[in-house]
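Chemist: Okay, here's what each chain looks like letter by letter:
2 protein chains.
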Amino acid sequence: MVSNKTVLFDSIPNHEPVDSLKIVTQQFDLDRQLAPGEAILKVEMLSLDPYMRSRMRDPSIETYVPPFTLGEPIDNGGVVIVLKSNNAHFKVDRKYYAGFTLPFSEYALVTEASNAFYTDITDAELPNETLIGACGLPGKTAYYSYKQLVRGKAGEKIFISAASGGIGQMLCQLCKMDGLKVLAAVGSDEKVDYCEKTLGVDRAFNYKTSDTRKELAAFGCDIFYDNVGGKMLEDVLDQINVYGRVICCGQIATYNSGAEAYGIKNTFQIVAKRLSFQGFITFELIPQKPFHESKYNTIEEEFMATIPSMIKEGKLDVKNHVYNGIEATSQAFLDLLRGDKHGKTVIQL
Amino acid sequence: MVSNKTVLFDSIPNHEPVDSLKIVTQQFDLDRQLAPGEAILKVEMLSLDPYMRSRMRDPSIETYVPPFTLGEPIDNGGVVIVLKSNNAHFKVDRKYYAGFTLPFSEYALVTEASNAFYTDITDAELPNETLIGACGLPGKTAYYSYKQLVRGKAGEKIFISAASGGIGQMLCQLCKMDGLKVLAAVGSDEKVDYCEKTLGVDRAFNYKTSDTRKELAAFGCDIFYDNVGGKMLEDVLDQINVYGRVICCGQIATYNSGAEAYGIKNTFQIVAKRLSFQGFITFELIPQKPFHESKYNTIEEEFMATIPSMIKEGKLDVKNHVYNGIEATSQAFLDLLRGDKHGKTVIQL
Ligand SMILES: NC(=O)c1ccc[n+]([C@@H]2O[C@H](COP(=O)([O-])OP(=O)(O)OC[C@H]3O[C@@H](n4cnc5c(N)ncnc54)[C@H](OP(=O)(O)O)[C@@H]3O)[C@@H](O)[C@H]2O)c1
Ligand SMILES: NC(=O)c1ccc[n+]([C@@H]2O[C@H](COP(=O)([O-])OP(=O)(O)OC[C@H]3O[C@@H](n4cnc5c(N)ncnc54)[C@H](OP(=O)(O)O)[C@@H]3O)[C@@H](O)[C@H]2O)c1
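Protein chains in written order, with this note's numbering: chain A, 338 to 686; chain B, 338 to 686.
What the hints contain is simulated information worked out from the structure, not anything from laboratory work. Heads up, some of the hints might be wrong.
The list cannot tell twin chains apart, which means a pair is met if one copy fits it or any two copies do.
BS3-like, lysine-lysine: derived pairs with alpha carbons at most 27 Å apart [claimed, not checked]: (1) 513 - 545; (2) 610 - 626; (3) 545 - 342; (4) 649 - 342; (5) 490 - 342; (6) 626 - 649; (7) 652 - 432; (8) 632 - 379.
Work out the full structure, taking the sequences as your base and the hints as a guide.
Modeler: Structure follows, in structure tokens:
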């Protein structure tokens, strides 16, 4: 028996999930007899992503992700080492990336139902946090949506919110490679510096101290890649160019606000400016063929064949915020929703 | 000299345009010498359309339509007879349909600048109100946007707001011809009857006395054709199916509300349900080739070759609300914005 710290879903939050996660120490039997299909994993790193806020809800509300279960561990993506296995998919001592379903605990027992979510990354030659971030959900979200939906052309002006986050940082760089003009909104001066000096955007501003409308009016905007929603989306509708396109990735500004969400009053601009909006969910883009000419069969194949090597060659910058110890989970998640972190959020166990 | 009653733009409204239009009686010289390009028109009928509310604004605000000028006549579409002409485009005693730019007056003097807006309809064999409505702006708006943007498939469920209005009545019928299932929202029980019995929609309801969310939940909704915006749009976002499409034609519920417009809080549904939105302006669709297979070069050609004859053959119903006398303009426009009329609004002179 070893002790196994686990993060349980403890209460449904109305606003900020301040008391929603509870750390408990359970016992885990490393010597248990494994049934066919079972494997024991040691968790090395866990990923925190904004969409987990939607899972902290009353289970009677239906939406695009299943709810967390009260009293049960929360789960998400991460990196694990296989300690014991009675499942051909999981090889002992090898390292796996889990896209989803990994419980927030130090050790985990999985069955064959998990196979589809775990990929062997032993030979990936990249740090865990990069495999979770730039090569994981946020990196893929940026890449797939950029190639399949944004389809930017050189010279087009794109406004990116939450631009230094996991998705934003990758997207800014993809846009610059294709010659787009990038305006980036971020929540601190340090992030402004990062976007301009490291990511190479044309202009970044701190939306807490600068006027978003004035920035948009001065820079121009053909495309809005929206990670934030709320008031910022309203500002964009008044400033975006005629025929503007809005790619709706997320609305992090609204996740904690419940019934008091900011109400957007100027949706008539969609008619007056002939705007289009497109919402998407990353995993639905995975199996799609690349929209552009490509030698790859799916957009995921193309991503795997190009992005990790570009990162290794230093052609793409990657910024992660690493918290230490599973106990940091609750605070790290609050920081993520508040913007009090810089880059992709991961927990090092 | 004859007296020439004229409707002037008298004050910029904050909410309902109750005092914005003023009738004055001016003098008009029917015997004047016409300069080259001039013609004298007698106005037979005038069209009132919701977008005219956007023109009653502070001219410093830029949007998709030019503002009315304080102290000058308002203008829009209508039907005229040519009394005198020194312009080859305008032939004496013939009847013309004006799409735009016809001043609200009993007589009008036009120059060559007007030629592009006037079409000879002497041989059209349809009543003026039908030429203005079903064969004019609202009919074309419904047809062009249905064929180019809605692109409905048999069995798809479409929700249409302001369904008995100029656009709605045509759209309901086009959808039924293609086998779509139509849910119609209207503002009175009489209009409910009209939609179900005359237009043949699958279900209509009075949104003032029935719960829009419950109606949508019971009927289902793949496509929302939005003429109204505001609270009804918010209701739809919560009820529309995954991958739903919103065709943004207008937001009449917001035109009078100014800064107190209803704020839409649930735009995150665009992401969660992977929705798309498309705004459009009718005149930009005119020159487009039909999206579907068609022997016509433009969608306008196709419309003119099919819709007027279908109306003559009784295959399409047309409902207009005819006001008498130019003095009725102000009240008729208030009625239009309040929904206190049934069908396309026109003024018979
Ligand atoms: N559609 C999909 O399939 C999909 C997939 C993954 C993620 N997403 C969405 O994409 C968005 C970004 O995700 P991510 O992984 O890049 O997140 P992330 O790295 O955690 O970045 C989130 C950032 O959002 C910013 N933020 C937080 N509250 C804000 C507010 N009230 N106003 C403005 N900015 C705020 C903060 O940065 P600042 O300091 O700059 O404010 C924060 O660092 C989220 O909305 C997420 O839900 C969608
Ligand atoms: N995009 C374009 O190019 C274009 C072109 C033309 C028109 N439009 C827009 O299309 C829409 C319909 O135009 P139309 O010519 O068909 O107008 P219409 O025949 O005058 O119909 C307007 C109808 O809207 C309904 N309405 C008014 N206030 C409402 C409210 N607060 N909530 C719900 N319904 C309300 C009323 O019917 P009920 O009794 O049923 O409520 C009214 O009869 C308008 O928004 C207009 O601005 C757009």
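Chemist: All the hints need checking, so say for each whether the structure fits it.
Modeler: These are the hints, each one checked on the structure:
In this homomeric assembly, residue 513 and residue 545 come within 27 Å of each other (Cα to Cα) only inside a single copy, at 25 Å, whereas the closest approach across copies is 51 Å. In the homo-oligomer, the alpha carbons of residue 610 and residue 626 lie at most 27 Å apart only across protomers (21 Å), although the nearest pairing inside one protomer, at 31 Å, exceeds that limit. Neither within a single protomer nor between protomers do residue 545 and residue 342 lie at most 27 Å apart by alpha-carbon distance, with minima of 37 Å and 55 Å respectively. Taking identical chains as interchangeable, the C-alpha atoms of residue 649 and residue 342 are never at most 27 Å apart, the minima being 34 Å within one chain and 78 Å between chains.
For a Cα distance limit of 27 Å, the shortest separation of residue 490 from residue 342 qualifies neither inside one copy, at 49 Å, nor across copies, at 54 Å. Taking the shortest alpha-carbon separations for residue 626 and residue 649, only the intra-copy value of 25 Å comes in at or below 27 Å, while the best inter-copy value is 48 Å. For the identical chains of this complex, residue 652 and residue 432 are intra-copy neighbours only, at 25 Å inside a copy versus 69 Å across copies, given an alpha-carbon limit of 27 Å. Taking the shortest alpha-carbon separations for residue 632 and residue 379, neither the intra-copy value of 37 Å nor the inter-copy value of 66 Å comes in at or below 27 Å.
The structure shown violates the earlier hints numbered 3, 4, 5, 8.
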